[in-house]
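Keeping their order, the protein sequence lines are chains E and F. For the first sequence, position 47 (counting from the first letter as 1) is numbered 47 according to the working numbering, and the numbering increases by one without interruption. Numbers in the working numbering are just positions in the second sequence, counted from 1, shifted up by 1000.
Simulated from the structure, these hints should not be mistaken for laboratory data. Don't take every hint at face value.
What the hints assert, rightly or not - With beta-carbon atoms standing in for the labels, derived distance ranges:
1) E:Arg135 - F:Ala1032: 20 to 28 Å
2) E:Gln42 - F:Phe1006: 26 to 34 Å
3) E:Pro17 - F:Met1053: 19 to 27 Å
4) F:Arg1029 - E:Leu22: 30 to 38 Å
5) E:Leu60 - F:Arg1033: 24 to 32 Å
6) F:Phe1045 - E:Glu69: 32 to 40 Å
7) E:Leu119 - F:Val1010: 17 to 25 Å
Backbone N, C-alpha and C define an ideal beta-carbon position, used for all residues, glycine too.
Now for the letters of each chain:
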Amino acid sequence: MSTKTTTVERDKAGAEPGMLALVCLAAWLVPGGGHLLQRRMQKGIVFLIVLPLMFVIGLLLNGRLFPLEVSDPLVFLGAIANRGVGAPYVIARMLDLGAGLVTAVTYEYGNTFLMTAGLLNFLVILDAFDIAMGRK
Amino acid sequence: MFTGHFLILVVYALLVSTAFATLLRDDPRQQARLGAMMLGAFVLFAYVVAWLMFPLPI
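Isolated chain F, as found in the complex (with noise of 0.2 Å):
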């Protein structure tokens, strides 16, 4: 199985949009919207705050 902490970051990052997508929103291409802007949100978040927390010595 993948180990890859990206990896498994993208792939908790796209279950979890698409199924918050498919809950608020009724139209398929409005899901879709909703669910990549999502994506995209929880993967740059996550990478900024990375790098953030990169230095501190946890």
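So that you can see chain E by itself, here it is in the shape it has in the complex (with noise of 0.2 Å):
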């Protein structure tokens, strides 16, 4: 008898509402965590050396982490991408870092940073949600 699966036996196995919270959840949390726990250990390690340093070198950009404000669209924005990063945008919150400097050179460049990072772990969650799915 043979041991293949077919598409859809895989993406039943791999549809367990828990199991894809679960690493959603860790994706969001930890940059790479999704993928690790689903043994993809290189693109995890990959994703959880890059995005967090990216994150950081934002912080040392003099970059600003926006708050929740709808008042105004581009800055609510910029904080839901900030916060797309999971837990080194709490950590940062936490030592009270990311208040940002508006007359430092960089300060447009480590908006960028930061923004980025949090829009980049939004697509990885996305892969490992894939993963996830039995799709990759």
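Put the complex together from the two separate chains, hints included.
Structure (structure tokens):
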């Protein structure tokens, strides 16, 4: 008897809601965590290094972690992007980092690094989700 | 911390291309190849656009 599984069977096996939620939560909280949880070590380690490093460089470049202000749509979107990176964001807020220095020459660069780190982590979360669903 | 525009550009391009190459390819060799191509494209494109914008009064 063959041991091969069809795509439908793999989808069913990977589509358990609890596991999916756990993978997505891990992927958000620790960049690359969703991949590490699913034994995609190489990818997980790369994300674990690159995304927090990008976030830290953003802080060192005097970037700002934006507040969730609905009245200012651009600031609000920036805040969502900032929060995408997960634990590094939480740690930075706990340490009162990310106040931003608007007069610094690197201020906008810092913002770009901070937001890009979060947005890339959103893509990493989606990739981990696809793996958990058996699509990859 | 470093403040040179070009250095920041290269660091940014390096990190973004590494993340994208890792996302888009499974084989490490292909990841390295795609990452190098993306890094080169990022830097070259930014350099060319920067020179094209240089005469503009902005």
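Going down the list of hints, with the structure as the test:
Remark: the range hint 20 to 28 Å for Arg135 (chain E) to Ala1032 (chain F) is upheld by a beta-carbon distance near 24 Å. In this structure, Gln42 (chain E) and Phe1006 (chain F) meet the distance hint of 26 to 34 Å, their C-beta atoms being roughly 30 Å apart. Against the hinted window of 19 to 27 Å, the Cβ-Cβ separation of Pro17 (chain E) and Met1053 (chain F) comes to about 50 Å, which falls outside the hint. Checked against the hint of 30 to 38 Å, the C-beta distance between Arg1029 (chain F) and Leu22 (chain E) comes to roughly 32 Å, which is consistent with it.
In this structure the hint that Leu60 (chain E) and Arg1033 (chain F) lie 24 to 32 Å apart at CB holds, the actual value being about 30 Å. The beta-carbon spacing between Phe1045 (chain F) and Glu69 (chain E), approximately 33 Å, falls within the hinted interval of 32 to 40 Å. For Leu119 (chain E) paired with Val1010 (chain F), a C-beta distance near 20 Å keeps the hint of 17 to 25 Å intact.
When the structure is compared with the earlier hints, a violation turns up for hint 3 alone.
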